[in-house]
Amino acid sequence: MLLVLAHPCDEGARFLAERWQAQGARLMVPRDLSAPGWRHHVGGGGEEWAIASGERVRVKDMTGVLVRLSGIRDQFLPHIAAFDRTYVAAEMNAFLIAWLTALTCPVLNRPAAGSILGPSLSHERWLAAAARAGLRLAFPRHCAPYVERPQAEVQVTVVGERWFGEVTPALGDQAARLARSVGADLLTAHFYGAEADAAFAGVDLLVDPTRAGVADALLSRLEGTCG
Amino acid sequence: MILLWGPPGDPPLNAVSAALARRRAEFMLVDQREVLEQRVELDIGTPSGAMWIGERRIALEDVNALYMRVYDARTLRRVIDSGPAASVHVQQVETALWAWADETRARVVNRPAAMASNGSKPYQAMLIARTGFLVPETLVTTDPEAAAEFWAHHGRVIYKSVSGVRSMVSRLGPEHRARLADIAWCPTQFQAYVPGIDHRVHVVGHDVFAVEIASSADDYRYAHAQGTTCELRATVLPPDICDRAREVARALDLPVCGLDLRRTPDGQWYCFEANPSPAFTYYEQHTRQPLADAIAALLHGYQ
Chain A
1 MLLVLAHPCD
11 EGARFLAERW
21 QAQGARLMVP
31 RDLSAPGWRH
41 HVGGGGEEWA
51 IASGERVRVK
61 DMTGVLVRLS
71 GIRDQFLPHI
81 AAFDRTYVAA
91 EMNAFLIAWL
101 TALTCPVLNR
111 PAAGSILGPS
121 LSHERWLAAA
131 ARAGLRLAFP
141 RHCAPYVERP
151 QAEVQVTVVG
161 ERWFGEVTPA
171 LGDQAARLAR
181 SVGADLLTAH
191 FYGAEADAAF
201 AGVDLLVDPT
211 RAGVADALLS
221 RLEGTCG
Chain B
1 MILLWGPPGD
11 PPLNAVSAAL
21 ARRRAEFMLV
31 DQREVLEQRV
41 ELDIGTPSGA
51 MWIGERRIAL
61 EDVNALYMRV
71 YDARTLRRVI
81 DSGPAASVHV
91 QQVETALWAW
101 ADETRARVVN
111 RPAAMASNGS
121 KPYQAMLIAR
131 TGFLVPETLV
141 TTDPEAAAEF
151 WAHHGRVIYK
161 SVSGVRSMVS
171 RLGPEHRARL
181 ADIAWCPTQF
191 QAYVPGIDHR
201 VHVVGHDVFA
211 VEIASSADDY
221 RYAHAQGTTC
231 ELRATVLPPD
241 ICDRAREVAR
251 ALDLPVCGLD
261 LRRTPDGQWY
271 CFEANPSPAF
281 TYYEQHTRQP
291 LADAIAALLH
301 GYQ
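For the record, the sequence lines run as chains A and B.
For the first sequence, counting from 1, position 183 maps to 183 in the numbering used here; every step adds exactly one.
For the second sequence, counting from 1, position 191 maps to 191 in the numbering used here; every step adds exactly one.
It is possible that part of the hints are untrue.
[Stated by the list, open to error] Covered stretches of chain B (chain A as the covering partner; in silico rule of three or more C-beta atoms under 8 Å from a C-beta of chain A): (1) 7-14; (2) 31-42; (3) 116-123; (4) 130-139; (5) 158-164; (6) 271-279.
[Unchecked claim] Reference excerpt, derived from the structure (chain A facing chain B, CB under 8 Å, subset only): (7) 38; (8) 93; (9) 94; (10) 114; (11) 151; (12) 155.
No wet-lab data here; the hints were simulated from the structure.
Ideal Cβ placement from N, Cα and C applies to all residues, glycine included.
Whenever a hint applies, use it, and build me the whole structure from the sequences.
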């Protein structure tokens, strides 16, 4: 069984859940964290259970999890009393970080201490990581308060060792190198141009699964059948 | 130069500041209350950059060590009164400074990325367990039946938040039975109660300072509020436990941390948590352990 952890309005997640029906894909949404049945153990044994699309599932039956949420936000929890929403959101995020980290099946991206979506880097730290990985920066001087920058219009989607985008192979390889350097399986890198020397602008940890080839690459990655 | 970052009046920040002054170390306080006058320039990929406080410039490449005790500056009265643009300013400036704190080659106590492990207690417990300490048997659940089984199995059970918010430890009692159904709304953390004597252990670089705590409260930090007492006295840990404490600090990348340990009657040691920004002055006042001096030495020694 594959799980796609996402907001219920995430069209990319719904697209994948439908496409992966044969793999038993299910959506897991924030409301599932407010349903009886979750069991997660630390420092001891016991069967692990989760809730997905309102139903109890055995964690041992899960074969992979795709994370498409950066975190649980207050506004995702209309069923929780307004006074408690911020607290409950913090509790759910903290729980998901522990739960996703403990899973033995493939999880894309693996959570980081501060984020369920993977490397929890600010824009500044993505720029620093890109510089270390040898990518050329459009604006090596970063100012705060921020200075308005032009929008970068070229995207490269990285899924494991593979990349997707209308760019030169050298630029695609740079995006894959950046992902590798921070331990991310998935990311979308933004560039000012498609040539090998195009400058790097930033990163988004969400990928567009409707882009040609991406959904199949995700599935291969989740099934552990590609590098 | 050593940079201290936080609001003046914060007891640990004041204590480290005084200790640095006693050592005649060169240091500067970045007052977090002045965040609206602050701006930052980072030269990405180099150690260079600058922080401006009004017209005053701090060259970030000259900073050898940083001690952080920062709070959410968006809650400052001045920021709230200055409107939404001020809140955006705070978020951008502090995000840049946090990024610098994570990236700089300076000694940082502690790097923000490393401090994040404390935001999820069960996540941090997993990391701590890998260092050899025992961690309490824990169930995080939305299942009232599972919670009741866990309670019945262990007899004595405590519950506490999963995140760092509202982080108070309480013991489950008969008055909670009727409310167990409420856990369906949010994953709730239950732990088997571990009997024994609490120890607060501060690791500062290679130094280990241990305090034994005598209290009957479920959470000794709130002993007075719970109508019980709390006595603290300095103690010495067995060498292997000192080593294990250092290993937790190393594994979590926290040069300074406060570990909550408990020694059971049969001599086993449990670790409950590693606090990445310990309010050590409370322990210093009760035991006279030179914690601020040790932190100052750690920062100063890096110059």
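Take the shortest C-beta to C-beta distance between residue 38/A and chain B; is it under 8 Å? Check passed: Cβ of residue 38/A comes within 4 Å of chain B, closer than 8 Å.
Review point. Should the interface hint for residue 114/A be scored as holding, given a Cβ-Cβ cut-off of 8 Å against chain B?
Key: Hint on residue 114/A: holds, closest Cβ of chain B at ~4 Å, below 8 Å.
Taking beta carbons only, do three or more residues of the stretch 116-123 of chain B come closer than 8 Å to chain A? holds (count 7)
*In terms of beta carbon proximity below 8 Å, does the stretch 130-139 of chain B have 3 or more residues touching chain A?*
holds (count 6)
Q. Do three or more residues from the stretch 271-279 of chain B put their C-beta atoms closer than 8 Å to C-beta atoms of chain A?
A. As far as the stretch 271-279 of chain B goes, the hint is violated, because 0 residues have Cβ atoms under 8 Å from chain A.
#### Entry: Supplied contact hint for residue 151/A, tested at 8 Å Cβ to chain B
Cβ of residue 151/A sits 18 Å from chain B, so the hint is violated.
Just to make sure I understand the rule, a stretch counts as covered if three or more of its residues have a C-beta closer than 8 Å to a C-beta of the chain. Does the stretch 31-42 of chain B meet that for chain A? holds (count 4)
So, as I understand it, the hint says residue 94/A touches chain B; can you test that by seeing if any CB pair is closer than 8 Å? At 4 Å from the nearest chain B Cβ, residue 94/A passes the 8 Å test, so the hint holds.
Q | Verdict on chain A covering the stretch 158-164 of chain B, criterion of 3 CB contacts below 8 Å | A | With 4 residues in contact (Cβ-Cβ under 8 Å with chain A), the coverage given for the stretch 158-164 of chain B holds.
Worksheet item: Hey, does the residue 93/A contact hint survive, CB to chain B under 8 Å?
Response: Check passed: Cβ of residue 93/A comes within 7 Å of chain B, closer than 8 Å.
**OP:** Report holds or violated for the interface hint on residue 155/A, using the least CB-CB distance to chain B and a cut-off of 8 Å.
**Re:** Violated: closest Cβ of chain B sits about 21 Å from residue 155/A, beyond 8 Å.
ask   = With a Cβ-Cβ cutoff of 8 Å, does the stretch 7-14 of chain B contain at least three residues near chain A?
value = n = 0 at 8 Å, threshold three: violated.
Checked against the numbered hints above, the structure breaks hints 1, 6, 11, 12 and satisfies the rest.
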